[in-house]
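> If you count the sequence shown from 1, position 167 lands on 786 in the numbering used here, and the numbers rise without skipping.
No lab work stands behind these hints, which were simulated from the structure alone. Some clues are possibly wrong.
To be verified - Calculated lysine-lysine pairs in the DSS-like style (CA-CA distance at most 30 Å, straight line):
no.	residue 1	residue 2
1	691	815
2	769	624
3	673	735
4	691	709
5	824	769
6	769	815
7	673	691
8	654	691
9	649	624
10	673	815
11	709	769
12	769	731
13	673	809
14	809	824
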Amino acid sequence: MNSLKQFVFDSILDDIINGVYPIDFVFNEKFLIEKYQISRSPIRDALIELCNEKILRSIPRFGYEIIRITEKDMRDITQFRVILELEAFKLTCRPHCDEIVEGIAAFNKETKTLLKNDMPNLRTMWQNNIHFHTMLISFIDNRYAEDTLKRALSMQYRAYSQLYWKKNMLAKPNDSFDLTINEYHYTLEKLLREHKFEEAVQVLKDDICDISAYFKGE
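Let's have the full structure, built from the sequences with the hints guiding it.
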């Protein structure tokens, strides 16, 4: 994406996730042009991309509405990820063990640095999670599988924020939900170093199914 289009795309997505707009809010180009004080072209391009990513839905002659994500959507995405990621991991974890361990170790080191230095937010950590899982599946050398997983993870991130994050913050308004290290990733590295492949598969499954792995207090 060009810089203005990316700015508008990211800003709208962040605002949706942070609850700035109600779920029945309808965007239109005029509103966004006034909000961001930029021309129509990057606004329109960002809206088209948001529709392509299944974040917004275009309503002809009316505007763009937020696509609602249900509990069933969340379960379906998780089930899909289990099927896709576990089968890919089973095919690659033995022949590419050393490379995968090297990739996980580098990722875990990067995550520690991120948490220590940058005080990341929810989106930063979820992008970090997307990077981890797409790195793992990249060893199957299937671009379609990798791109499909990225889309599933992006939708799951929005589902989490819509269905759980806001609910938890309202339930515990005085508590902070500190972003934390995902221990599954460290356990996975350890098991692969020990060539405990079946246990590693189970840990990866647990990681996929535990959507709250990054968040304390849930």
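> All hints are to be evaluated individually against the structure, with a verdict given for each.
Hints versus structure:
{"no.": "1", "hint": "691 with 815", "verdict": "violated, 33 Å"}
{"no.": "2", "hint": "769 with 624", "verdict": "holds, 20 Å"}
{"no.": "3", "hint": "673 with 735", "verdict": "violated, 34 Å"}
{"no.": "4", "hint": "691 with 709", "verdict": "holds, 27 Å"}
{"no.": "5", "hint": "824 with 769", "verdict": "holds, 17 Å"}
{"no.": "6", "hint": "769 with 815", "verdict": "holds, 27 Å"}
{"no.": "7", "hint": "673 with 691", "verdict": "holds, 16 Å"}
{"no.": "8", "hint": "654 with 691", "verdict": "violated, 34 Å"}
{"no.": "9", "hint": "649 with 624", "verdict": "holds, 16 Å"}
{"no.": "10", "hint": "673 with 815", "verdict": "violated, 39 Å"}
{"no.": "11", "hint": "709 with 769", "verdict": "holds, 19 Å"}
{"no.": "12", "hint": "769 with 731", "verdict": "holds, 23 Å"}
{"no.": "13", "hint": "673 with 809", "verdict": "violated, 37 Å"}
{"no.": "14", "hint": "809 with 824", "verdict": "holds, 16 Å"}
Violated hints, in rising order: 1, 3, 8, 10 and 13; the structure is consistent with all others.
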